[in-house]
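Participant: Listed here are the chains, written in short residue letters.
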Amino acid sequence: MSTLPAGTKTRIEFDDAPVRQFMIASIVWGIVGMLVGVLIATQLGVWQANFKTSFLTFGRLRPLHTNAVIFAFVGNMMFAGVYYSTQRLVKARTASKLLSTIHFWGWQLIIVAAAITLPLGLTRGKEYAELIWPINIAVAVIWVIFAINFFWTLARRNEPSLYVAIWFYIATIITVAMLYIVNHLSIPTSWTHSYPIFGGVQDALVQWWYGHNAVAFFLTTPILGIMYYFLPKAAERPVYSYRLSIIHFWSLVFIYIWAGPHHLLNTSLPVWLQRLGVIFSLMLWAPSWGGMLNGLLTLRGAWNKLSTEPVLKFFAAAVTFYGMATFEGPLLSIRSVNALSHYSDWTIAHVHGGALGWNGFMAAGMFYWLAPRLWKRPLHSQSAANMHFWLGTVGILIYMASMYVSGITQGLMLGATKDGGTVLAYPNFIEAVTSTKMLMHVRALGGLMYLVGFCMLAWNIWKTASGAEAVNGSIEVYVEEKPVSMGIVGGFLNAPVIYTTLLMIFVSGWAALPRLGSAFCIVAILATCMAMSMNIEFSKKGWNHWYERLLDNALPFTALTTAAAFIGGLVQIIPTVMVNTGNSVEGVRQIPYTPLELAGRDIYVREGCYNCHSQQIRTLVGDVLRYGDYSKIGESIYDHPFQWGSKRTGPDLAREGGKYPSSWHYFHMGDPRQISPGSTMPDYPWLFTDKTDTAALPSKISVQRRIGVPYEPMTDAEIQQRCDTQAATIASELKTAGAEVPPDREIVALISYLQKLGKSEKVTPVGPAKTAAN
Amino acid sequence: MFHRILVEDWQRGLSILSITLFFSVFIIHLLRVRRMSAKSVARLENLPLANDDHE
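Sequence lines, in order, name chains D and Z. Those letters in the first sequence? Residues 1 to 774, per this note's numbering, in order. Those letters in the second sequence? Residues 1 to 55, per this note's numbering, in order.
For the record, the hints were derived by calculation from the structure and aren't laboratory data. Among these hints, one or two may not hold up.
Said to hold, decoys possible - Computed beta-carbon distance windows for the label pairs: (1) Ala563(D) <-> Val41(Z): 21 to 29 Å; (2) Phe538(D) <-> Val41(Z): 20 to 28 Å; (3) Ala470(D) <-> Val41(Z): 30 to 38 Å; (4) Val41(Z) <-> Glu537(D): 47 to 55 Å.
For each residue, glycine too, the CB sits at the ideal point set by N, CA and C.
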């Protein structure tokens, strides 16, 4: 709280320079991210757009697109919104100009580093977590600097209560830090390479716990905070229901963190986790729509302004897209729907509805609202802003419609069977690719329209700001009395929290324990309810005041939010991490890669093959008929990182080993269309000229050993000798088939890896052999 | 065909715990929100509408 005495009147000048900086950065990086998006969308229909150049292939550029849009475009937009609204909501200037400056430039340096390293193929091979470990550390440091500045500002505030937008920012800061750190735990093998400490199913679970909650806590909660501040401002009326916003916040924070496993339905993830993911995903419908309706109803009485105010147009459309995306998300989490939609373009339609509609339009609305205020000059062109809105809206609709048609076509074709479900109706994967090729062009057109609209925004903001004076807002405040501090202990040791905890324990016990324990828990539940009723009756003030005091005390509030997010993560991840991989391999265990195969795998990861090829045969008839028996946990336990993928632009590769001769892969990597007419896969000519990096293998194998892969002891010379021997065998095999290549080339290592995929040994499960029906 | 060999019994309890946890928190907040004073709600919901000299 402010250091000034209570009752003092003072004038505060806000620090709006970081708001301007982050806004401009968001616009610039937004254009870059969308431009790369249009390019990779084009590549899916026109393979020549890969330009036969390593750093412009789809596999390397797609991570650049996703990282640029998430962390550069939305990240910078989020920081602009947080810095602007927080100062005004807590009536205090941002605590440290220095920290704001470090935050801004640090974040931009991270983005530049990402833009350089990703096209170079320096990647961790996990979606939205591709950045290499030195950049990961930089992200964590800059995030902590942001957090310090934010909480320091809260500590100096002149407004005792914390508005709901601030809660959403607190949840974002805490949860993103936790998710990011856990999913990026790795052991370096060099300055640019590392292996994640989790492998196989564990890595899959941790990755999608992170991936799903990156959507939740990076792309949703901060933007909801921005919605709760900027929408009432633009509509000039308070939020429709403040009470609903409280329910919205707590429900969202508690539910979101559990829903990650819905990205792994019908896979070898344990069934209890899949069910948990489905249930919590379905429960997300309620709070999401509560928030969406709260946003739309805030416009009550202001709908007439939509015809003239572009800001409100963008906000109304953004909230509508939020409603659509959050309706569709749980729908896609239903296992039977997911069986059709997963690995197809349907998911792509879904995420772009959220990213372009919700995030992109909230950003546009906020920028159009902010620019005239930050530069004290009316928006240069209202009609250009309106034109942007319509171009963007039509662009999104074209994009999404094409992806829905494409996704459902892919899902239906690839899962279709005939003759009583014993034979695939479309046995050749390429049929699904060629059937949807035209839709890829339509998709690129939709994306291009959206990009053109966004360029109009950049021009409009530029014209508004150029020649105008940048000004900081200021406000006169009365310093109010400090609220009574609760402290962390006070936040937890009080009747509401204690009774809730007791009830939770007893209800769980009633449901989970055997007869006697269950009966005891029923009695305990009744006793606790009676005691709680009496406590409420006799100390009404205490119960009422606890929550209101909590809203005035950032520290215990933050601790409770952290606990909410933390518990969900622990309950899902710890049991999976603790699973003894030797006992839970479902009868088969992966054979560790030879040194050459490991080098080949690193090339596979470097080229971003996981962006188009999965390595997970689901427990679905179509998958099993097409690729072989469904994938078991044991088949990928030594995969650091896991490569199950999330999209099948090309076929699954889980059992690729031995399916074709090595020469097939040789010619296919050189010119995919020579082997598979109609393919949109890029050519990889550099694999035939670049030499395999075998010098790095001793360090890599040493790290693999440390993270649990059972490599036998090998000297550096033995590693090299094993590489040479295996490479010579493959090169000789290739030569016999008319494909001559020196054995030290990357294509040989990659072929060795591809030929190993799906190779495992049979093992007998140890321990109690209980069967859980799927 | 589609069986899982993992021993999951104790993990099943975690599903129950997680749903119980959510509903406990949900109900307590629902009750609390119903009891919030109208004055307090009005004060909080108007916080973003305070204008600075930008507006």
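Participant: Starting from the hint list further up, note which numbers the structure goes against and sort them upward.
Facilitator: Violated hint: only 4; rest satisfied.
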